Amino acid sequence: MTGVTITGWGTALPPRVVTNADITTLFETTDEWIFERSGIRSRHNATGPFVSPPPPADPPDSGLGTTGTLAAEAGRQALERAGVSPDDIGLVIVCTTTPDQLIPANSASVAAALGIRSGAMDLNAACAGFTYGLVTASGLISAGAERVLLIGAETLSRATNWSDRTNAFLFGDGAGAVVLEAVPGEGSLLGWDLGVDGNLVPLLYAQHGSGMVMRGKEVFRRAVLATVESATKSLERAKVGVDDIALFVPHQANIRIIEAAASRLGLGKDRIATVIERTGNTSSASIPLALIDAIEKGRIHHGDHLLLAGFGAGMTWASAVWRWQDHPGR
Amino acid sequence: MEQQQQPMGEAEAEAFEKFKQCAVEVLQVDAKAVTPDANFADDLDADSLDLVELVMALEEQFDISVDESELEGVKTVRQAFELVTSKL
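Order-wise, the sequence lines are chains A and B. Position in the first sequence (first residue = 1) + 264 = my numbering. Position in the second sequence (first residue = 1) + 453 = my numbering.
Looking at chain A on its own, in the form it has when it is part of the complex:
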């Protein structure tokens, strides 16, 4: 029996930080209003082109201005941490809902930047993308791939209508990556659930060249219900009780959604990984950013059960129970 585990990880955030104070220069709002409704104080924004410009104007190009460059930087760190070379990677999956162009897939330039030629594809399941990717990559490893580089990378700021006071403050950019590796035995993925209800597209979408359109209250409600339902299924399939979850690593869309879902699942605030205060909603990148933040803060230990859960436009949802395994290369 072949399982899968995480042996390396890395993150990338554009250096340009847009604070709530910056947002108040765009339209009538306050730091307090934004923070109370979202848990967000600041977010990182890439370089344009933007649908409409976020403040402050004309930032310097940091070299991390696109989905592709963010993905490549996070991926480079993950390879280094895992102690593997580009030739050791069997496939690159870039989970993104904000690719740099229509054609080709963003993963092509990411693979090129990293020197990987074994295979590359994008995966778009909106904010549930990383968990979809985790399940997909685990399946590929079961089918014989030795290692998969899984990256969640987004530049949502480029698909944000910065004059829309109902949602412009929510979104941010960044990337998180993990190296997934075959291990003998059951491995780390103990249970998972994927779902979609494509009838709900009108709740949250962006057309080519337009900003994000969102029916916030309805998304809020659906998100809480979908997260709880999906997480419950994953826990059942993994045969893991909620009391045995060491850390809940949810999609970072809104602290209020996270807390409402956690409370329904019976998870206290001390068992939630969050980075949303300083990242905003980074869609596919949010779960790896929160996961890696928790790893680096020493919150995750060998044998810990993690509960990952996300939902997004589509609407899609996905969850997984993941048993953390320390790796000798760590």
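These are computed hints drawn from the structure, not numbers from a lab. This one's a predicted model, so the numbers in the text were calculated from it and none came from an experiment. Fair warning: there could be bad hints in the mix.
Partial list, computed: chain B residues near chain A (C-beta under 10 Å) [claimed, not checked]:
{"#": "1", "residue": "Val477"}
{"#": "2", "residue": "Asp500"}
{"#": "3", "residue": "Leu502"}
{"#": "4", "residue": "Asp503"}
{"#": "5", "residue": "Leu504"}
{"#": "6", "residue": "Val508"}
{"#": "7", "residue": "Thr529"}
Chain B residues, not near chain A, derived (Cβ > 10 Å throughout) [as the list claims (entries may be wrong)]:
{"#": "8", "residue": "Thr488"}
{"#": "9", "residue": "Asn492"}
{"#": "10", "residue": "Gln514"}
Calculated cross-link-like contacts (lysine-lysine; reagent style DSSO-like; alpha-carbon spacing at most 27 Å) [unchecked claim]:
{"#": "11", "chain 1": "B", "residue 1": "Lys528", "chain 2": "A", "residue 2": "Lys481"}
{"#": "12", "chain 1": "B", "residue 1": "Lys473", "chain 2": "B", "residue 2": "Lys540"}
{"#": "13", "chain 1": "B", "residue 1": "Lys473", "chain 2": "B", "residue 2": "Lys528"}
{"#": "14", "chain 1": "B", "residue 1": "Lys471", "chain 2": "B", "residue 2": "Lys528"}
{"#": "15", "chain 1": "B", "residue 1": "Lys540", "chain 2": "A", "residue 2": "Lys481"}
{"#": "16", "chain 1": "A", "residue 1": "Lys533", "chain 2": "B", "residue 2": "Lys473"}
{"#": "17", "chain 1": "B", "residue 1": "Lys473", "chain 2": "A", "residue 2": "Lys481"}
{"#": "18", "chain 1": "A", "residue 1": "Lys533", "chain 2": "A", "residue 2": "Lys497"}
{"#": "19", "chain 1": "A", "residue 1": "Lys481", "chain 2": "A", "residue 2": "Lys503"}
{"#": "20", "chain 1": "A", "residue 1": "Lys481", "chain 2": "B", "residue 2": "Lys471"}
Where is the CB? At the ideal position from N, CA and C, for every residue including glycine.
Let chain A serve as the given structure and place chain B on it in line with the hints.
This is chain B only, laid out in the frame that chain A set:
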């Protein structure tokens, strides 16, 4: 338009207790504050997302379904309670 408020019947009073319980839990307010005339924003410090959460709790408690559009103009506890009871 102020209407004369009838005293609550037994079933209605019981439903209001359940309503109040939901409000206390979701909005984290004192039960005494949840009066029919209480305004969600001004008296119970509840924003729009709090109201969504309250409605979710009420949907479960009363086994009803409330559409987002029905919440438009709901500002007081009485209005929300009447919306709930109209569905029972």
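Evaluated hints:
no.: 1; hint: Val477; in the structure: violated, 15 Å
no.: 2; hint: Asp500; in the structure: holds, 6 Å
no.: 3; hint: Leu502; in the structure: holds, 5 Å
no.: 4; hint: Asp503; in the structure: holds, 9 Å
no.: 5; hint: Leu504; in the structure: holds, 8 Å
no.: 6; hint: Val508; in the structure: holds, 8 Å
no.: 7; hint: Thr529; in the structure: violated, 19 Å
no.: 8; hint: Thr488; in the structure: holds, 24 Å
no.: 9; hint: Asn492; in the structure: holds, 18 Å
no.: 10; hint: Gln514; in the structure: holds, 14 Å
no.: 11; hint: Lys528(B) to Lys481(A); in the structure: holds, 16 Å
no.: 12; hint: Lys473(B) to Lys540(B); in the structure: holds, 17 Å
no.: 13; hint: Lys473(B) to Lys528(B); in the structure: holds, 15 Å
no.: 14; hint: Lys471(B) to Lys528(B); in the structure: holds, 19 Å
no.: 15; hint: Lys540(B) to Lys481(A); in the structure: holds, 21 Å
no.: 16; hint: Lys533(A) to Lys473(B); in the structure: holds, 25 Å
no.: 17; hint: Lys473(B) to Lys481(A); in the structure: holds, 22 Å
no.: 18; hint: Lys533(A) to Lys497(A); in the structure: holds, 21 Å
no.: 19; hint: Lys481(A) to Lys503(A); in the structure: violated, 33 Å
no.: 20; hint: Lys481(A) to Lys471(B); in the structure: holds, 24 Å
Hints 1, 7 and 19 from the list above are not met by this structure, while the remaining hints are.
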